[in-house]
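S.K.: Kindly generate the complete structure, drawing on both the sequences and the hints.
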Amino acid sequence: MDWNSFLLMRQEILLLSIILLLLIVEVFISKNKKGNLVHFAVFLFGIHTAVGLFLMEEGSIFGGMFRTTGLIHFFKSVLNIGVFILLLQSADWLQEKIVEHQRGTEFFVLLFSSLLGMYFMVSAGDFLMFFIGLELSTLPVAALAAYETAKRKSSEAGIKLILSAALASGVALFGISILYIAGGSIYFNDIMQTITSSHLSILGMVVVFSGLAFKISLVPFHFWTADVYEGAPISVASYLSVISKGAAVFILMILLFTVLRPLLHIWENLVYILALTTMFIGNLFALRQNNLKRFLAFSSIAQAGFILLGIINGEQLGVATVIYFVLIYVFSNLAAFGVVQAISLQTGKENISDYDGLYRTNPKLSLVMMLALFSLAGIPPVAGFFGKFFLFTAAAGKGYYLLVFLAVVNVTISLYYYLLVVRAMFLRTSEYAIPHFNSKLYMKIGLVLTVLSILVLGLYSPLYEYIFELSKNLM
Amino acid sequence: MIAGISIYEILTLTTLLFFIGVYGFITRKNLISILISVELIMNASVVNFVIINKYLYPDALQGVIFSIFIIAVAAAETALAIAIIINLYRQIGSVEVDATETMKY
Amino acid sequence: MDIRYIYLIPFIPLAVFLLLGLNYKRIKPSVSGYIGVFGLLVSTVLSYYTAYQYFFVPGKVNGVYKPIIDRHVWMNFTDTLSIDMGLYIDAISVMMLVVVSTISLMVHIYSRGYMKGDGGYTKFFAFLSLFTFSMFGLVLSTNLFQIYIFWELVGVSSFLLIGYYYTKPSAIAAAKKAFIVTRFADLGFLIGILIMGYYTGTFDFETLNNPEGSSILNWASTSFMGLSVITWGLLLIFVGGAGKSAMMPFHIWLPDAMEGPTPVSALIHAATMVVAGVYLVARLFPMFYFVEEGFALSIVAYVGGISSLFAAVIAITQTDIKRVLAFSTMSQLGYMMMALGVSGYDGLEGVGYMASMFHLFTHAMFKALLFLGAGSVIHAVHSNYLKDMGGLRKNLPITNITFLIAALAIAGIPPFAGFWSKDEILVAAFENNQLLYYIGVFVAGLTAFYMFRIYFGIFWGKEKQYDHPPHESPASMTVPLMILGVLSVVVGFIPFSEFVTPDGKGFEAHLNYPLAAIAVTVGIIGIVLAWVFYKKENNLADTYAKRFGVFYKWAYHKFYFDEIYLFITKKILFNGVAASVALFDKKVVDGTMNQIGNKTVFTSEKIKGIQSGKLQDYALAFVGGVVVLVMIFIYFWTE
Amino acid sequence: MDILTLFIVVPIITIVVLVFIKGLKQARIISMVGSLVQLGMAINLVFAYFREREINQDIMVFTKDAVWFKTFNIHYNVGVDGISVALLLLTSIVVLAGVFISWKMKELPKEFFISLLVLSIGVYGFFISLDLFTMFVFYEIAVIPMYLLIGIWGTGPREYSAMKLTLMLMGASAVLLVGILGIYFNSNTDGGALTFNILEIAQVNIPFEAQKLFFPLVFIGFAVLSALFPFHTWSPDGHASAPTAVSMLHAGVLMKLGGYGVFRVAMFLLPEGALTWSNFFIVLAAIGVIYGAFGAIKQKDLKYINAYSSVSHLGLVLFALLMLNKTAWNGAILQSLSHGLMTALFFALIGMIYGRTGTRDITELGGLLKVIPVISATYVIVGLASLGLPGFSGFVAEMNIFVGAFQHEDLFHRIATVISVSVIVVTAVYILRVVGIMLMGPVKNKKYLTLQRVTWYEKTGIVLLLIPIIGMGVAPLWLSDMILESLQPFIKGLI
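Protein chains in written order, with the working numbering: chain A, 1 to 475; chain B, 1 to 105; chain C, 1 to 639; chain D, 1 to 495.
Everything labelled a hint here was simulated from the structure, so no lab data went into it.
A virtual CB, placed ideally from N, CA and C, is assigned to each residue, including glycine.
A few of these clues could be false.
What the hints assert, rightly or not - Mimicking DSSO-like on lysine-lysine, the simulated pairs with C-alpha atoms at most 27 Å apart in a straight line are:
1) C:586 to C:570
2) C:608 to A:349
3) B:104 to C:599
Claimed, not checked - Computed, partial: chain D to chain C, Cβ under 10 Å:
4) 164
5) 231
6) 295
7) 297
8) 299
9) 387
10) 391
11) 404
12) 421
13) 426
14) 428
15) 436
16) 467
17) 480
M.R.: Okay, structure coming up:
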């Protein structure tokens, strides 16, 4: 291998250098200028995102430990865009933190390193890289969850996340070791060749699956989700629900579709069961939440359940629909979290009941929220509908009509609680309604971007076709 | 290769170790000891990897390398966890796991 | 002959209706009255012209009056079945044209006086025109569906006119009753039509009535519960006719319908609309006669006979003069039905049919006269009840005379019109069905009795105290009375049998002297009895009423028919079925839907405990989950 | 831009304009103009359709086909036949009338009209779609605005009703979705590609097993929207809480989607399934017919009465559709149209009465004929129309249905038919009950004597709806023939 092959890691290297740059700059910047760090970080990451959009050749290095394909690259860009919008939405909040509470750049550093971990995770070619990426993507988030050192809840969230994450990765590791026995190697390609559906491999598969299910927060591995979301800062909650979940879904798909394909007939049923439990439990819990962060936590759990409907397809169609849905889901959830962020930044209110009569005072925000919720609920013509419909098509394609039916029943249930928020914003009027306010520029851009993509992505079919093309070479 | 000990004994041992860790995780009341239990779980896998490598697939060193990485990661994990625990202790003056139940339902 | 001008006859009243109805605020009452009368005058002239044209210009085509038909498709059901709209000109429809236009014209003129000063004067004339239009349409119908359509329209215009005093609760109730009862009968009619349409493949009278046609010849092809389906169809259609013509047991709406203004009662509930049922049966007479050896026809005969008897008995006991007249109408209609029922088809056989139509014709004249007379009386004394009347012959001379003429006519005293037609009916009955004949004779007696009971009650007897002295009605009201009075005498001499017969051939009708004599004597007996009872103030009537006791009471309460109906509708349907349905819907159907929702929320409330906030519970769930899944897939789910 | 796509584009443009303007006055003018244009287009479409039919005998005319999602073979595919043309005309009329009726919308007028137009987009799109996917999309677009419309501008327990309505309809669409996917994945039995295109699917014969499995799903999915017993309970509550214009659009147009969908998708694509299941659903429909009528008898709230009568009338539509012959289907379509017009007018009048007297409880009302003659008289007329009086649209439709239903010889159908026919009496009862109590009789309440007379925009709304009711009733030939010849290809699948 020559040095050029390192260019395959272009995005990783670029991100790494951004992290280092930020650390260095922080040392030299004077105290009263620190506020500009935010602009600097946003700017740098914006460039990074832009650069990431350019295509590059596929290939693998380190003897297949690290590989990249069009799909993986595209997915990294999705993550980039997500994180970029996240930054925009949380910029104001960070500004405040840095200026008033003398915090450093650690937020960015941790965030980016976690993202870096995901890069490695999604382009992992063997279990070692996968494991390292997994950990690297998880641990910084735990630190981020505990970012608000002054808040007890924040620390609790940190504890819960780090400990349960450690447990999960421990279990996953054990599973990997079992797969190592069964497959005779930690390289995906080798395992793919050798593995057969023996009890041992089934055991390993299930255990590894649970390790990932923890990150995707499938029931019954989801319990940490709500608590952590509630305790952690909104940006972090949003990051967990969108970026890390997305990445985990992606790698899970790679594992199931390629490495564990010989066990297809087993994990089909596994996915079937988990899809049902996840959708039902997630929805049932979301029903009675009043705190919006918890509410969105459970809604995102339910969404994960829907994603499994795409995975169960096990073909190119499944891959495409899942990626497409994740993409849309990223934007929808970011929009929802963005509104919560904006409002809690202004008023510190995070409860649904606080939103009564919001439309009368802040029509724009309410509209964004409504679109986001409709997209999550899957109401046409916003993008979410198309994502869901295609997921269901994927599942029905394999003949899982009953599963699809139950899923759609869940859509109805979920519609109920999404409408509860709409009800609060539009139907209700209250003299204690949140007064009118104007968000800062970054927030506005962040929200506008999400809304635009929610409106356009669904109707703009070439995007889906593109994804479908890319997902061919995952097989 | 350790004479007279087949892989099965060792795998049994590691499995026991794993479940002891799990047990500890579930029963200990002190966050620190929970952290220790997590270490147990990790180490179970570490041993696993080494053993499997040695007994079953000795021609490549995948398992051994893996175990080294695991140790490193575990260390990082612990450090981070400790840091957060200390931060929690600063606020509520306790490291009991029961103290982390304000958020529920 | 070109008959398209006949379309004008119905459409002129329609135009008048639209004209008056759409801007009844702007047109002055006096004007609207003239518009209505004039419009109808034109229609009347045209009708007479038509009659002349039909009977004399082409006259008989090789000995038979052939129907002349003009038909246009209105809506297609299937490739074969369709609703047509058009004209069906034959003897009876022409006769009906004459009747309807004449009476309607009289009533229009009369109403200009009677309704003077009423708030909704214009509206009243609009409704009258609407009714007249519908009635014309009905008699000119070419097929079952067209007749059904106009059938419904006359029903609704009768509804509107009965409920004309819409602030009066009793009027509203009567209107609703009339509509719903007839509607119920029409349900039968409609199903009958559907049966006919399906099994004969046509709605057209021409095809249906053709004695050599398939629909009559193949009546036996399909049968249901022992009867030919065609018979069922006919019976159901007759149910519709019975509803309109107030036969038992659908008669209950007619007496209440008297809540409407008296001219309306005269026009709709005496002369024209109520005979629609008779007309319908006559229309389908060949079918009734030929299908299943006239089984359906015999039913018609009995229903008619019983109704006429029943009504006559009740009429004796009623004290509201309009109700008496109403029951007498019902009884006379029963007569007509009976006559149809006992009639044959060809040649002299068809005397019953002829007689029925004849009686329809004459009855229209004198019954309208009676009602208008009664109206003029009511106009004078502002009351419907006999007890408030008496000795009015001096105050209302014209009314008195005309009323007397009408009474004699209906009592069947020669040479008045009623005598001729009633005599023919009795002849027909005598030849075919003795039982019905005796009923008929008895009813004739009763008729004479109750009619003269009210006549004496009104115009003789001792004077009552009137708050302001009653005086003769204005010319606009008396003129129609006189005209009708004349008509009630002369129409009897029309040689009906020449024109109106089932087969259209016509025959020479002879008076059957013995039967006539019997009928007349019975009539006279009735009159004499009435004279004895009611000429002078005496308590004979009451004593005899007492002697009859229970029977009198029952008759007075119309044999409790209303109560029975009321029980069925109010108690059973309204409070029973409807209420329980409403409850069921609220509790069960809606309840389940709500329960589904509630249960979901309830469950989510129940299971919230598992999200306990305890890190270690989560860990337990995690590991437990792993173990369970492993179990499932290693031990239970291993394909 | 082809003649059909305009039906979606024009409302969108109207909405965009509405977004940028302020205040009630402009809002109502804009939306009035917008829906006026729609009406014009609809009328133009009718004539264009007749001209097109001369030269073009395809099942669907004015078809336009554009690929949307290639991989799923989803197309944006529109086209119309006589049936959709008629329904489009109906929709445009009702929408315009609705705009006029809500002329004095106080609260958030702009948003109100926008939601109204979104709803109409959904309906238009649904009627012109030839592609199951787009059809489904428009179906949901049409349903969702109801939540806001009822929830924000409604009365009484609006939040409850709105939620109930939305959830039940969405639940229905859930069932429907499975059915559609089922059809989709069975659409290539003759080796072609999977497709959502209705016309293409109609060519292949879906295996009997699949038809038997998916027909009930599709049928129920659509039929709930037209208040199939026992899934009708969303409609009374929804109507009772909805603002006038919404009730009009809802009962007048939205509920027609159900019957139309049943006809276009369930009957057309799954004929064998239809034959298998028809008897079962006939029972439900017949129950609905009678049940709705009896339910209406005891109600006190005007809107409830009309909601239940809708259950009865639309039950008749489903009943006719299940009779599976041309006459009955013609009746079903006609019934949809006439019911649409009549109920819309009913709700408009109820809205006027409610706006004046402040109550919908008939026991509190009385003698309205004296104080608001025009409105009351119209109410009587519509009442008569809805009890199937000749000369109005209802009669034409019902007679077609009954004659069609009578084409079946066997006892089961006979009994079902007779039961359904007998509804004409019950209908008369509850209509006359309302007329008698509310309109006739002495004026109940002194303050009614000073009620405001009918205003010009209300009059316009009334006339808009009354003209077609009478037109259909007096001269049904052109309409029923237009529908009949469009039915020809659909009946083929059953024989």
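S.K.: The structure should be examined with respect to each hint, and the outcome stated for every one.
M.R.: For each hint, the structure was consulted:
no. : hint           : in the structure
1   : C:586 to C:570 : holds, 21 Å
2   : C:608 to A:349 : holds, 23 Å
3   : B:104 to C:599 : holds, 22 Å
4   : 164            : holds, 7 Å
5   : 231            : holds, 8 Å
6   : 295            : holds, 5 Å
7   : 297            : holds, 4 Å
8   : 299            : holds, 7 Å
9   : 387            : holds, 8 Å
10  : 391            : holds, 7 Å
11  : 404            : holds, 7 Å
12  : 421            : holds, 6 Å
13  : 426            : holds, 9 Å
14  : 428            : holds, 5 Å
15  : 436            : holds, 5 Å
16  : 467            : violated, 13 Å
17  : 480            : holds, 5 Å
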